[in-house]
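Q: Quick note: the sequence shown uses the working numbering, first residue 1, plus one each step.
No lab work stands behind these hints: they were computed from the structure.
Take these hints with a grain of salt, some might be off.
Here are the simulated DMTMM-like pairs of lysine to aspartate or glutamate, each with C-alpha atoms no more than 20 Å apart in a straight line [to be verified]:
{"no.": "1", "residue 1": "K144", "residue 2": "E189"}
{"no.": "2", "residue 1": "K3", "residue 2": "E49"}
{"no.": "3", "residue 1": "K153", "residue 2": "E133"}
{"no.": "4", "residue 1": "K174", "residue 2": "E137"}
{"no.": "5", "residue 1": "K125", "residue 2": "D92"}
{"no.": "6", "residue 1": "K263", "residue 2": "E253"}
{"no.": "7", "residue 1": "K65", "residue 2": "D9"}
{"no.": "8", "residue 1": "K205", "residue 2": "E137"}
{"no.": "9", "residue 1": "K148", "residue 2": "E185"}
{"no.": "10", "residue 1": "K148", "residue 2": "D177"}
{"no.": "11", "residue 1": "K3", "residue 2": "D68"}
{"no.": "12", "residue 1": "K205", "residue 2": "D251"}
{"no.": "13", "residue 1": "K87", "residue 2": "E124"}
{"no.": "14", "residue 1": "K18", "residue 2": "E243"}
{"no.": "15", "residue 1": "K65", "residue 2": "D19"}
Using C-beta positions, here's what the derived DEER-type ranges look like [stated by the list, open to error]:
{"no.": "16", "residue 1": "D64", "residue 2": "A264", "range": "38 to 46 Å"}
{"no.": "17", "residue 1": "R245", "residue 2": "Y97", "range": "36 to 44 Å"}
{"no.": "18", "residue 1": "R31", "residue 2": "D9", "range": "19 to 27 Å"}
The C-beta atom is built at its ideal place from N, Cα and C for all residues, glycine as well.
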Amino acid sequence: MIKLGIVMDPIATINIKKDTSFAMLLEAQRRGYELHYMEMNDLYLINGEARARTRTLSVEQNYDKWYDFTGEQDLPLADLDVILMRKDPPFDTEFIYATYILERAEEKGTLIVNKPQSLRDCNEKLFTAWFSELTPETLVTRNKAQLKAFWEKHGDIIMKPLDGMGGASIFRVKAGDPNLGVIAETLTELGSRYCMAQNYLPAIKDGDKRVLVVDGEPVPYCLARIPQGGETRGNLAAGGRGEARPLTESDWEIARRVGPTLKAQRPYLRRPGYHRRPSDGN
Numbered sequence: 001m002i003k004l005g006i007v008m009d010p011i012a013t014i015n016i017k018k019d020t021s022f023a024m025l026l027e028a029q030r031r032g033y034e035l036h037y038m039e040m041n042d043l044y045l046i047n048g049e050a051r052a053r054t055r056t057l058s059v060e061q062n063y064d065k066w067y068d069f070t071g072e073q074d075l076p077l078a079d080l081d082v083i084l085m086r087k088d089p090p091f092d093t094e095f096i097y098a099t100y101i102l103e104r105a106e107e108k109g110t111l112i113v114n115k116p117q118s119l120r121d122c123n124e125k126l127f128t129a130w131f132s133e134l135t136p137e138t139l140v141t142r143n144k145a146q147l148k149a150f151w152e153k154h155g156d157i158i159m160k161p162l163d164g165m166g167g168a169s170i171f172r173v174k175a176g177d178p179n180l181g182v183i184a185e186t187l188t189e190l191g192s193r194y195c196m197a198q199n200y201l202p203a204i205k206d207g208d209k210r211v212l213v214v215d216g217e218p219v220p221y222c223l224a225r226i227p228q229g230g231e232t233r234g235n236l237a238a239g240g241r242g243e244a245r246p247l248t249e250s251d252w253e254i255a256r257r258v259g260p261t262l263k264a265q266r267p268y269l270r271r272p273g274y275h276r277r278p279s280d281g282n
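Turn these sequences into a full structure, and let the hints steer you where they fit.
A: What follows is the structure, encoded as structure tokens:
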């Protein structure tokens, strides 16, 4: 029997309607895998050996009770065949430390998905710099004056932290908005943290897209996330509506461009989210 571990946020707090980690657990259970649940504080190193407190887990598609712990043990992570690293951002030093612990298990033969080094190397937002021809104009800086100049150039921009998720702390700043200064100060924590700014793309009203790429190959359907109720953000956690769509030719073009780089970096499963820069420059 395959022993599958998962490192994730508290399972009691997830929304099983949209949680992809839960969907993976359901499928793994259907295949007869033994499920081992872990949170970050369960991982530890002792004399160089990666270990964890794990809880054996069963799951079901039940909105009232979707999980049950059936046992608890302390074991070497090398005893597990595969570990899914599914901890949500922030991508902070604690996350990095966890990847080093997982890397010790990887060296003993456990398959870690995604590869710990790739998790460190491929920040979800900064990694777009390797594909700038596919993205809106993008500035990453701590400098308030640079953010102001970027805003003045474009007149309508999106500003966001580099380590967020779920649409948290994402701001649209239009021409003449008096809040640019305080937003810049908040996101950069008065110049001590990097943030990202991008020119606003009106086509976001039709949705952004999440495309799953597995071992360099795209799944032929994507999740489109459509903003609702006057919102700019399409994130499901921010009230966006999800819609499954087949990949368009443009989507395939992006996937073919990004896929080989992802495969070379060896993150086995990625879900790049994007809204492409319009080809006409508007």
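Q: Given the proposed pairing of K3 with D68, does the C-alpha separation stay at or below 20 Å?
A: holds (17 Å)
Q: If you draw a straight line from the CA of K148 to the CA of D177, is it 20 Å or shorter?
A: holds (11 Å)
Q: CA of K65 to CA of D9, is that 20 Å or under?
A: holds (17 Å)
Q: Honestly, do R31 and D9 meet the 19 to 27 Å range at C-beta?
A: holds (23 Å)
Q: Quickly compare the C-alpha distance for K3 and E49 to 20 Å and report which way the hint goes.
A: Holds, because 18 Å separates the two Cα atoms, which is no more than 20 Å.
Q: Given the proposed pairing of K205 with E137, does the C-alpha separation stay at or below 20 Å?
A: Given pair K205, E137 holds - Cα atoms ~18 Å apart, limit 20 Å.
Q: Is K148 close enough to E185, meaning Cα to Cα at most 20 Å?
A: Holds, at roughly 11 Å.
Q: For a C-alpha distance cap of 20 Å, please report whether K144 and E189 respect it.
A: holds (10 Å)
Q: Is the Cα-Cα distance between K87 and E124 20 Å or less?
A: holds (13 Å)
Q: Within 20 Å, alpha carbon to alpha carbon, are K153 and E133?
A: holds (19 Å)
Q: Under the criterion that the straight-line Cα-Cα distance not exceed 20 Å, is the pair K263, E253 satisfied?
A: holds (16 Å)
Q: With respect to the beta-carbon atoms only, verify the hint that R245 and Y97 lie 36 to 44 Å apart.
A: holds (38 Å)
Of the numbered hints listed earlier, not one is contradicted by the structure.
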